[in-house]
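**Student:** Chains as they are written, first to last, in our numbering: chain A, 1 to 306; chain B, 307 to 901.
It should be emphasised that the hints constitute simulated quantities derived from the structure, not laboratory data.
Check before you lean on any hint, since a few could be wrong.
[Stated by the list, open to error] Computed from the model, here is a short list of chain A residues facing chain B with C-beta under 7 Å:
#1 Ser100
#2 Met163
#3 Glu233
#4 Pro235
#5 Arg239
#6 Asp242
#7 Ile250
#8 Tyr260
#9 Thr263
[To be verified] From the structure, some residues in chain A lie toward chain B, with a derived Cβ separation under 8 Å:
#10 Trp103
#11 Ala106
#12 Asp197
#13 Glu229
#14 Ala238
#15 Glu241
#16 Pro243
#17 Leu251
#18 Trp256
#19 Val264
#20 Val268
Positions of the beta carbon are idealized from the N, C-alpha and C atoms, including for glycine.
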Amino acid sequence: MTLASPPANRPDLLDPLEVSRLGGIEVTTAGLVEGFLSGLHRSRRRGFSVEFAEHRMYQSGDELRYVDWKLLGRNDRLYVKQFEEETNLRAMLVLDVSRSMGWTGAPDRLLPKHEYARRLAAALALVLLRQRDATGLLAFDEDVRATLPPKVSTAHWHRLLRMLAGLEAGRGTAAERALQRVVEQLRRRGLVIFISDLLLDRELVLRALKFLRHRGHQVLVLHVMDPGEVTLEGPAEARFEDPETAAAVILRPKDWAEVYRRTVEGVVSDWRLALRREGIRYHRLTTDLPFGLALREALVRPPGLA
Amino acid sequence: MIGFLHPLLLWALPLAALPLVLHLVARRQPPTVLFPAVRYLQQATREHQRRLKLEHWLLLAVRTLLVLAVILAAAGPTVAREGLPGHAPTALVVVLDNSASSAAVAGGTSRLALLRGAARDVLAKATPDDALWLLTADGAARRGEVSRLISLVDSLSPSAARLDLGAALTTAQGVLEGESRPSEIVLLSDLQASALGDAELRTPLVVVRPEGDPPSNAGIASLDPGPQPWSPDGGSVRLTLSGEAGRVAPVSVSLGGRAPRQGLGTVGETLTLSLTSVAPGWRPVTARLDPDEFRLDDEFRSVIRVAPAAGVTWDPADRYLDAAALTLRQNGRVVDGREVTLGRLGAGASVVQPPAEASALGALNRALERRGVSWRYGDPVGLLQVSDSGPLVGREQVQRRYRLESVGGAPRGVLATVASQPWIARSGDIVLLGSRMEPDWTALPLSAGFVPLVDAMVNRLARGEEAVIPASPGAPVILPDLPTEARLDDRRWSVEGGAPFRPPALGTYFLLAGADTVGAIAVNVDPRESELAPATDAAIRGLWPDARIVAPAAARAASFAAGARGDLRGPLLWAALLLGLIEVALASGRRRKRV
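Using the sequences and the hints given, assemble the complete structure.
**Tutor:** Following this line, the structure appears as structure tokens:
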């Protein structure tokens, strides 16, 4: 069974580059979220930190995962479960704006990773704020670049957008300090959404994320990758240089494409396993993925996951 | 030791560096691409770099070896594989010297029998993949299969012909030119020192020589009957012997079936024997030695033309010619007759001297032209000169003479010269003298040689000098102008005057023009064949430096040494094919990984 095809004019399902051409981040984000929420049939109470509220009749387009199969067995009717939102959730968006995030493998077809991540963060913030969740933002490269404490207000949304708009790709990456700052910002249990290309010190970041979990926060890691980082391409022979560290490797992409693909798969798998062990949700997103699908990946919690 | 059939192709060996050069050229500084996930690349390459680098160098090595193998295969390498059975396909020329000297018998066995046995051994070692030739004293290289060539060897008998070993080896080398197989020449010969000759060899040579000393030998090297025709009163012959120096042997000479004259000849000295009168005609003369271990040179044949004295007419007013003619008539060398006119142009054969009056010279030249004489009198020469010494005339003063000018074509028939210019010349049966035989023209009439000169002119030159041509079997001789047929006993050959003719066997060949005998060819064993002394190994190696000299018993083992050098082309081509497959596998494996 598949979901019904959404309307073609929904911006959340458009190519991210096309969406970015529609207007400023505020306009496009609002459109994205509207489209995204309409795709979810505007379930009255939806969100991350929600508890079951009631059933309603199944409508075409509803996700099968919310169908109450027990009820179907008893009544022979399709109902979907609806959830009541928590009102005291505090969410913190932690955004990587290091130099590596400023890269795109195809400038004419794809947004740079940080552009994609900014829009994704804005959309997430809007969704959370609409759910009356206090939402904050922390941007970092090799240091903390900007911080906006979690609040719930329309003005806060605009402040958050202005901050996002002013963020450009910076220098190196050092996430652990940013995550420590998050601990300071979220004194109560909350939600941390970590958006990064994860080209950073894995062990330090894992330790920091584990600490967040230890403090009782829910953590979601959105791993943003450019398709050019997934599939190795380039001239017959090239010197590949890291824009952050200036480390370089000379090789023939055709010789190494397969090995590289397997390595990337291994890296992603390692991240996924390591994070899952700590109860941290992990999603890999590529910058050619429409924002609506990315939001769905990020916001739709699998059943049974706390 | 590795050898090469086409060593010049080894100059292409540097091409083996081509893959490496291309590799180095391709190692230019590549463009820089900014790529944030370099850590993933580092991780990927860290794990596979060593294997890929190994594959890369392996591919380079395979390509280099592939080029190397192809070039080496083209150069045709061979390697010694002595001790191993069999041999690679070989092109082999067996030069079997069955020249006259091979008939010499030593130890009860003829040299040829020994050599034939060795040749059979060599040929029996051949395989169907070998290319074989047999070259004998007739100079022809015959190609054939083993059985045919062995049959030829078995049927081979001593030839009366001489075999120049240098020429034979050159012929063999020419036969092998262009052969891609390893080639070799096996020379089986008694190796007379006189038969050795230079040859430019590019092929391994095995020389098989009989062991032991050759038999002591004496042979008749020449039989010279002197000026012909003889008169019916007879004449004398001069004999020379060849062979072991200083050896003395009894000689008998028989002329026209008459009882032979005996004499005792010594090798290196001349023996003269007088023969009594015989009837006019062409008379075969044969000299014989007592039989020895080499029989072919114990007999020598020639021909003597016996003719009656010429009938001569002359003008008694020519004082000096008259005196000479009278002397000859007194001695029976001439008779009165009209066969030859002496001193002027007659109707038949003539000995012509220039007229005393210069005004008569034009009429004489016109008369000569009418007779088809190829000479005429030219301008007078009044210088005191000396005639050039020659077989007919010695050095004599010449005060006056007319130039003798050749009419049409190159001058032919010059008999004597003055200052290198023709002075006495012959055309057909006309002999022209450049000076009158008078003391105020030349001192010749006053010299002792004058009467013999007149004798030679009237009896030989004007009547036509009978040609007795010495020859060897198989060697070409140029025939005189007249003969249309050559005859040896009952065998006849149509011939063309002036063309070469190869008398096939020993004997006396008469040359006929219609029913008339106009000459003869005396075919005898080349006198050098009598010198059985063999060449030393040093002399052989001096001429053919790489020759391997073996005894007949070792001929089989020594032959096919070129083929015993294993041909490495096959293995190299297989190796190249294998390397090509490995290259394809490695390269396609790399391409698969790229996809």
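**Student:** It remains to establish, for every hint, whether it holds in the given structure.
**Tutor:** We went through each hint and held it up to the structure:
no., hint, verdict
1, Ser100, "4 Å, holds"
2, Met163, "24 Å, violated"
3, Glu233, "10 Å, violated"
4, Pro235, "6 Å, holds"
5, Arg239, "5 Å, holds"
6, Asp242, "4 Å, holds"
7, Ile250, "6 Å, holds"
8, Tyr260, "5 Å, holds"
9, Thr263, "4 Å, holds"
10, Trp103, "5 Å, holds"
11, Ala106, "13 Å, violated"
12, Asp197, "7 Å, holds"
13, Glu229, "4 Å, holds"
14, Ala238, "5 Å, holds"
15, Glu241, "5 Å, holds"
16, Pro243, "5 Å, holds"
17, Leu251, "6 Å, holds"
18, Trp256, "6 Å, holds"
19, Val264, "6 Å, holds"
20, Val268, "10 Å, violated"
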